[in-house]
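Colleague: Top to bottom, those sequences are chains R and W.
Plus 10 on top of the position in the first sequence (first one is 1) and you've got this note's numbering.
Plus 1378 on top of the position in the second sequence (first one is 1) and you've got this note's numbering.
Quick caveat, the hints were computed from the structure, so don't treat them as lab data.
Accuracy of the hints is not assured; some may be wrong.
As the list claims (entries may be wrong) - Far from chain W by the CB rule (all over 10 Å, computed), these chain R residues:
#	residue
1	Asn181
2	Met189
3	Pro219
4	Phe229
5	Gly243
6	Phe252
7	Phe285
8	Tyr300
9	Phe447
10	Arg455
11	Thr459
12	Ala481
13	Val496
14	Leu611
What the hints assert, rightly or not - In silico SDA-like pairs for lysine to any residue, Cα to Cα no more than 25 Å straight-line:
#	chain 1	residue 1	chain 2	residue 2
15	W	Lys1402	R	Met606
16	W	Lys1432	W	Ala1540
17	W	Lys1557	R	Gly616
18	W	Lys1432	R	Lys34
Ideal placement from N, C-alpha and C gives every residue a C-beta, glycine not left out.
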Amino acid sequence: MSSNSQKKGFGATIWDYLTTVDHKKIAILYLISGGFFFLVGGVEAMMIRIQLMKAGNDFLSAGTYNEVLTMHGTTMIFLAAMPILLAFMNAVSPLQIGARDVAFPFLNSLGFWLFFFGGIFLNLSWFLGGAPDAGWTNYASLALASEGHGIDFYSLGLTISGFGTLIAGINFLVTIINMRAPGMTYMRMPLFTWTTFVASALILLAFPPLTVGIFFMVFDRLFGANFFDVTMGGNTIIWEHFFWIFGHPEVYILILPAFGIFSEIFAIFSRKRLFGYTALVFATILIGFYGFMVWAHHMFTVGLGPTANAVFALATMIIAVPTGIKIFNWLLTIWGGNISFTVPMIYAVAFIPSFVAGGVTGVMQAIAPLDYQLHDSYFIVAHFHYVIVGGVVLAILAGTHLYWPKMFGTMLSEKLGKWTFWFFFIGFHLTFFIQHFLGLMGMPRRVYTFGADQGWDLFNAISSAGALLMAIGVIILLVNVVMTVVKGERVGNDPWGDGRTLEWAIPSPPPFYNFAQTPLVRGLDPYWIEKMEGNKEGMVYAEPLGDIHMPNGSFIPFVISLGMFIAAFGAMYHTDGHAWALPVLIGGLAITFGSMLVRSLKDDLGFHVTKEELIADNERIQREARALEGGKKGGLK
Amino acid sequence: MDLNKRYTPQTWPDHPETATLEGKNKFVGFWLLLAAETVTFASLFATYLALKDKGPSGMEFSASGLFELPLVFAMTMILLTSSLTSVYAMYHMKNHNFKAMQAWLGITVLLGLAFLGLEIYEFNHYVHLGFGYTNSAFSSAFYTLVGTHGAHVVFGLSWFIALMLRNAKRGLNMYNAPKFYLAALYWHFIDVVWVFIFTVVYLMGVIG
Chain R
11 MSSNSQKKGF GATIWDYLTT VDHKKIAILY LISGGFFFLV GGVEAMMIRI QLMKAGNDFL
71 SAGTYNEVLT MHGTTMIFLA AMPILLAFMN AVSPLQIGAR DVAFPFLNSL GFWLFFFGGI
131 FLNLSWFLGG APDAGWTNYA SLALASEGHG IDFYSLGLTI SGFGTLIAGI NFLVTIINMR
191 APGMTYMRMP LFTWTTFVAS ALILLAFPPL TVGIFFMVFD RLFGANFFDV TMGGNTIIWE
251 HFFWIFGHPE VYILILPAFG IFSEIFAIFS RKRLFGYTAL VFATILIGFY GFMVWAHHMF
311 TVGLGPTANA VFALATMIIA VPTGIKIFNW LLTIWGGNIS FTVPMIYAVA FIPSFVAGGV
371 TGVMQAIAPL DYQLHDSYFI VAHFHYVIVG GVVLAILAGT HLYWPKMFGT MLSEKLGKWT
431 FWFFFIGFHL TFFIQHFLGL MGMPRRVYTF GADQGWDLFN AISSAGALLM AIGVIILLVN
491 VVMTVVKGER VGNDPWGDGR TLEWAIPSPP PFYNFAQTPL VRGLDPYWIE KMEGNKEGMV
551 YAEPLGDIHM PNGSFIPFVI SLGMFIAAFG AMYHTDGHAW ALPVLIGGLA ITFGSMLVRS
611 LKDDLGFHVT KEELIADNER IQREARALEG GKKGGLK
Chain W
1379 MDLNKRYTPQ TWPDHPETAT LEGKNKFVGF WLLLAAETVT FASLFATYLA LKDKGPSGME
1439 FSASGLFELP LVFAMTMILL TSSLTSVYAM YHMKNHNFKA MQAWLGITVL LGLAFLGLEI
1499 YEFNHYVHLG FGYTNSAFSS AFYTLVGTHG AHVVFGLSWF IALMLRNAKR GLNMYNAPKF
1559 YLAALYWHFI DVVWVFIFTV VYLMGVIG
């Protein structure tokens, strides 16, 4: 096993990333592929807004429009937002608890590759006969009637990537339960780690119902089962239940890590301990708990009856309370702080009113009779874009700026970052605020065009103009990324200058073994405590310098995922009567299970980084740090 | 971890499955996986209950007419016994008695195979009656629930066999002890799920 910092060729770097089990490199893989799918989903969003910018537009046909809107939602939720959040979870939370690595480095890699192949599979539908077209919720009554293989791409692709996400969730849970550094009690864990923990628990319990529902869909469409077919005794509402039993926790899986990122930002850039840390932790747990009890508020109009609707309406009102608690805690963290308006902080401050607006329109849906009026209208589109874009996407953009130096060792430009922010923020409100009114005026969701006599022209034109501003913001961000990579100015451990938690105590990017010595945690915000006490060493350590045990890289996760990818094609084309389909299905599964068997039978004991290597590596790090200080000042001006 | 380190029953830890950090991680991770599996089976049970006896109009099959208890009772007893024998295997694993552990695991595998054979016979019997997978919503839900359990049995058996063959020559060490332990844990889980299937599908089916 070659160790750190040797110059490598391009091929060797690719091989390194294909086989890596290092959580920091897997984070980069998640960020790049999630970022790619974010751009794909963004292009789809622009196509929607171009189609709707004027009445009776013919930019997209009705059928293509259905495909584009389905893929926009599916891509953004499953392939962009979640993976990018998983990138930050991977990059940061093991460091925040002082761990050498995650609990299951091999499974971490497997989780990524499953997500990746699932995402590729889903998007190949564009080139292989048409994308799914039943909406991201894929209601069975629509999906069973959909022709071609679009829905099968959806079902099989999300099955594969769903397994990956489940694995990632288990991995983070075990990492946080078992691998905290000495002194890192649960109530000293940074908020981002807490939200990672609770979001992972939600993944653990929410993804199986989705997988079951999707399997039913696969069996119904490809193998002649009758779960949703009413003429054969099936029940189409079963899909809706499973989808939303998953789907509602899913929005908390997205928003909780976003809350975590903002909690870190508020504390760092207000230079204050988080106000009401304990309340924030318990609010997080409560949101996770209630998240499973509100799913039927997506189904008020199904006709479950007044009792069911009343129960779920009540639960929906209750879940707003812990979220409100969080908002006030953040405001009181800023209050009286020594604030610096860096790019992450601007996003965080902008997040509060945007997200509150989305939250308020959400609680309105708890009033079931009102929901009957607003259901399937643009009001709902406005609502969930306010929480997802105003919450999750702003957190992703803020987190990209905040953690970029920790992941890559360079700093994104603050100036360009502010340009991105203003374009994106103004564009976001311009696009979606007006959609509330379009909804109240009666414009329905998911309809590919509208008439000139309906009076929706102006508001739709404004909404499309806003989308253009958001796109410009994202392009500026890309320019920012390219310029930063080309310049390659290195930064030190704590580039923001006010880091409070353990990840800022080690170099950017950290060495592959993270902490040469496991740190000793003496309270909440452990690095801040050491700084305030004038500790020149950075941290107090819990152990003497010694050999470090590390896991071996492995190509098997890639092969396991590839096998499932191949098998999915076999399952899908099996129904068309191709002779090759069944062998492909069996062959793909054989690859998957065969490589699992190899993994099980072949001993993989990892390797040791010796004390001498650590000392040599530490000297290199010191040398680089001195060079950095001797040169121009890194980080903030 | 040193694979060549020799243990005696005296130096072997009381809980070899959690004696290393890797073991501890696997232990906690596997329990969490079982939580996810529980939700999976809960979803399948809920679907089965919703679709029980539902089919196209004039369907001739119903749970009370189709299921017969004697065979299923025998399957239940076989699987419960196999859970007991896997407990004996783990008892010997904790006492570092490799040969006895392998023997009890071997019996567990044989019992599991017997269960599987009876299940295949049962399914085959229903299919010959005309109760195929595509017959109705009821049949789809039944085969998916019970078949998913059967697939778990196949996986559990393959896991046991792979571990037994792989480690036949080298005996127990701290690297493979957690693996044996988790395979046995998985086997118990399969058994518990079957108890629910026996109750919800067969007993409640026959009674009404």
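Colleague: Each hint should be assessed against the structure and marked as holding or not.
Modeller: How the hints compare with the structure:
no. : hint                     : result
1   : Asn181                   : violated (7 Å)
2   : Met189                   : violated (8 Å)
3   : Pro219                   : violated (5 Å)
4   : Phe229                   : violated (7 Å)
5   : Gly243                   : violated (3 Å)
6   : Phe252                   : violated (6 Å)
7   : Phe285                   : holds (33 Å)
8   : Tyr300                   : holds (17 Å)
9   : Phe447                   : holds (40 Å)
10  : Arg455                   : holds (28 Å)
11  : Thr459                   : holds (37 Å)
12  : Ala481                   : holds (39 Å)
13  : Val496                   : holds (41 Å)
14  : Leu611                   : violated (5 Å)
15  : W/Lys1402 with R/Met606  : holds (21 Å)
16  : W/Lys1432 with W/Ala1540 : violated (41 Å)
17  : W/Lys1557 with R/Gly616  : holds (17 Å)
18  : W/Lys1432 with R/Lys34   : violated (51 Å)
In summary, the numbered hints that this structure violates are 1, 2, 3, 4, 5, 6, 14, 16, 18.
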